[in-house]
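Novice: Below, each chain spelled out in residue letters.
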Amino acid sequence: MMSRETAWRIFAGELNSSSLEKKGEEERSPVYVITPLGTRLNRVLIAGVLLDKQNIGTDEEPLWRARIEDVSGSYFVNVGRYEPEAAAAMAGMETPSFVAVIGKIRTYRPDETRVLVSIRPEKIVRIDALTRQRIVLETAQATWKRLNNMKIALSMPDASAEDLAVHGMTKDDAEGAIEAAEFYGTPESSKYLKLIQNSLRMLLPDSDIDLGLPEEVTDLPDEIEIEERSGISDVDKEDLMLNILGELDDGRGAPMNDIKNRAAAEGISDTELEEMISTLLDKGLAYEPVLGRLKKI
Amino acid sequence: MKMEELTPHIEELKRVIGEGADEEQIIEELNTYLNVYHVSVDAAKKGIMRKYGKDTPFVSAASITKKISEMTGDEKNVDLTARVVFIEERQITAKGVPKTIFSGILGDETGTASFTVWDVSKFVLEKGVTYDFRNAYTKMWNEKLQINFGDRSLAGISEKQMEAPERLLSASSDTKIAELREGVGNVTITGKILSVETKEVIPKGENAGPKTVFTGIIADDTGKIQFTAWNDFDLKTNETVCAKNAYIRAWRGVPQLNFGDLCEISRVDFILDVQSGANERSVAEIVRAGGGLDVMVTGAIVDIKTGSGLIRRCPQCNRSVLGDECAMHGKVEAVYDLRMKIVIDDGTGPLSAVVSKESTEELIGITLDDAVAMAKATGDNDSVYRKMEEKILVMNVFAIGNVLSDEYGPMMIVREIGKAAKDIQKEAKELLDKVEGAL
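Line by line, the protein sequences give chains A and B. Count the first sequence with the working numbering and you get residues 1 to 297, in order. Count the second sequence with the working numbering and you get residues 1 to 439, in order.
Just so you know, these hints were derived from the structure itself, not from any lab. Here the structure is a predicted model, which is why all the values come from computation and not from measurement. Be aware that a few hints might be false.
Pairs of lysine-lysine, PhoX-like flavour, derived with a Cα cap of 20 Å [to be verified]:
{"no.": "1", "chain 1": "A", "residue 1": "171", "chain 2": "B", "residue 2": "144"}
{"no.": "2", "chain 1": "B", "residue 1": "46", "chain 2": "B", "residue 2": "66"}
{"no.": "3", "chain 1": "A", "residue 1": "145", "chain 2": "B", "residue 2": "429"}
Assemble the whole structure, with the sequences as input and the hints as a guide.
Specialist: Below, the structure is given as structure tokens:
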């Protein structure tokens, strides 16, 4: 069946904690990501604040990389020539601003154990604060429901999807919960309750909401975790950068755009790149012969 | 085996063989079968009957004969005698290949079950006729027994023709309209007849000519559904009835309740509290039911399909045309129209929705005249589509209408659509209460 995939409401905190991928059983069915709370997803509807965006492609063939912040962390968004409409919409977006994205999930496996999840938007729209609140509320409600579904699934270890349907789960919910329970085991519920708490604090600013959760559990946003995951030490980074500069140098220095593209291919974010370049300049390992070019000393 | 245990079998053989039965010879033959050839009593009996020319309609060593109520859903090879209560031809897709099957309902004196003939070249069945079936297999589907006839199955008209079973032992279960879904057989529905009218139909697979049926809408406190009564039950608008042994069939992608030959209708004197408006459903519930009548879905607009927006139609046939060329009528003065095909997603699934001009105008706040002016000013019909996207993408809407299903999923023909109000503060407080209550 070629029917359309559900647009799941999901927080970055849940999405980015996923490391299980599964190809659907039917022919030509897409790859699904299964989250620790049993969301079996291929498409999402998310809302948040567009924090930064960068065109790491060219003007003719833009490739936008952006970060959208929700109550818990960042969604990583990539949009390029395969979605010209969404790319054009991204070009017109201001930072910071409230946006909603409907998009497909893409995964990247830097090694055996880790899966980095990003969103490839089909639609990007500017929204108002009220629409953002609405989507955050829906996402919090859905997260709460999934936490409860997981609780039921874990309490009935040998249950089939049909058995779980008796407890008010849809087929998708039940199948996802069973797969998640098998792969991840019991989810760290305080982490997900924290997402709900953060949402409710935003939606009900006058209520003094305290679910009594250990504060340190998820105070670290996921993005930091991911950047640390790149696992390259500062010294290695310098060497890597110097190598890149040497490689791209056509005699007049390496063009900045090419450096950005190469760095992106190595998994270095633009913010990181800027830091590294200024370090190189500070240390006197490189200089700018002309504006927009960088040369090794 | 002891003689006493064999006595009933010997008696049975004597009775079946009738004239010319020699008890001693029967005992001897039975002994040979059982003690020399070591076959089962059933096989021995069949062998002896065959010798005396009393062939049972079918002979098989492995299969057993069962009544419908005795079947458990895991019979690999079973014989039965049953009457075809209902039969229809259906087109299905098996492993990507279109295929014709027969499906329907079989009944005997102990109960009813749905059945499927997977190879229609094997035999043709006629409604109302009792057959002896051989080599069937059974399965449980949606907790109901399903009798299957495959490659090895056979059917012959039975000598003993059964009456339509009057009372069914397989329980007709009390069901709410919201829980009805395609494929359920034998349900008991209590509901109020909202409307009823007569209709002439020509039933498939019968040569009886046109038949008068009674169709309308029945509702309970959970929803509404279209019904068809195949006999005259003297149904009247606004009366509340209890229909036993009703069954569900999809018609043009919309599930329908059927009152057939086995249905018993009784009048109920309590007043049923029927919701007057549309019934709220999640998309997942609609998918499970296979469709829905007069239902309301609330969700976000996640896509506007191409072909939405300002279009031009042939004034004669109403087909959408490109330029001024109609595929049917050649060069025509095409007229402008506004329409949308959108996707509404409530987080449980996506629903396609077809929105007419009036509803489109209202939702996007642009009239057809505005749209035409906009297209002329920009010289671009797509400008209307882009405006639509800008106005309604991600908008939370309610949509009311009838939903039918096809291979692309559920689709609603929208009767009414509008921006859905959501009390965010209230719902957030409710969620907080739930979470705090559970911790």
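Novice: Each of the hints needs a verdict: does it hold here or not?
Specialist: Each hint tested on the structure:
Of the supplied pair hints, the one linking residue 171(A) and residue 144(B) holds, its CA atoms being roughly 19 Å apart against a limit of 20 Å. About 17 Å separates the Cα atoms of residue 46(B) and residue 66(B), which keeps this hinted pair within 20 Å; it holds. The hinted pair formed by residue 145(A) and residue 429(B) meets the criterion: a straight-line CA distance of about 16 Å does not exceed 20 Å.
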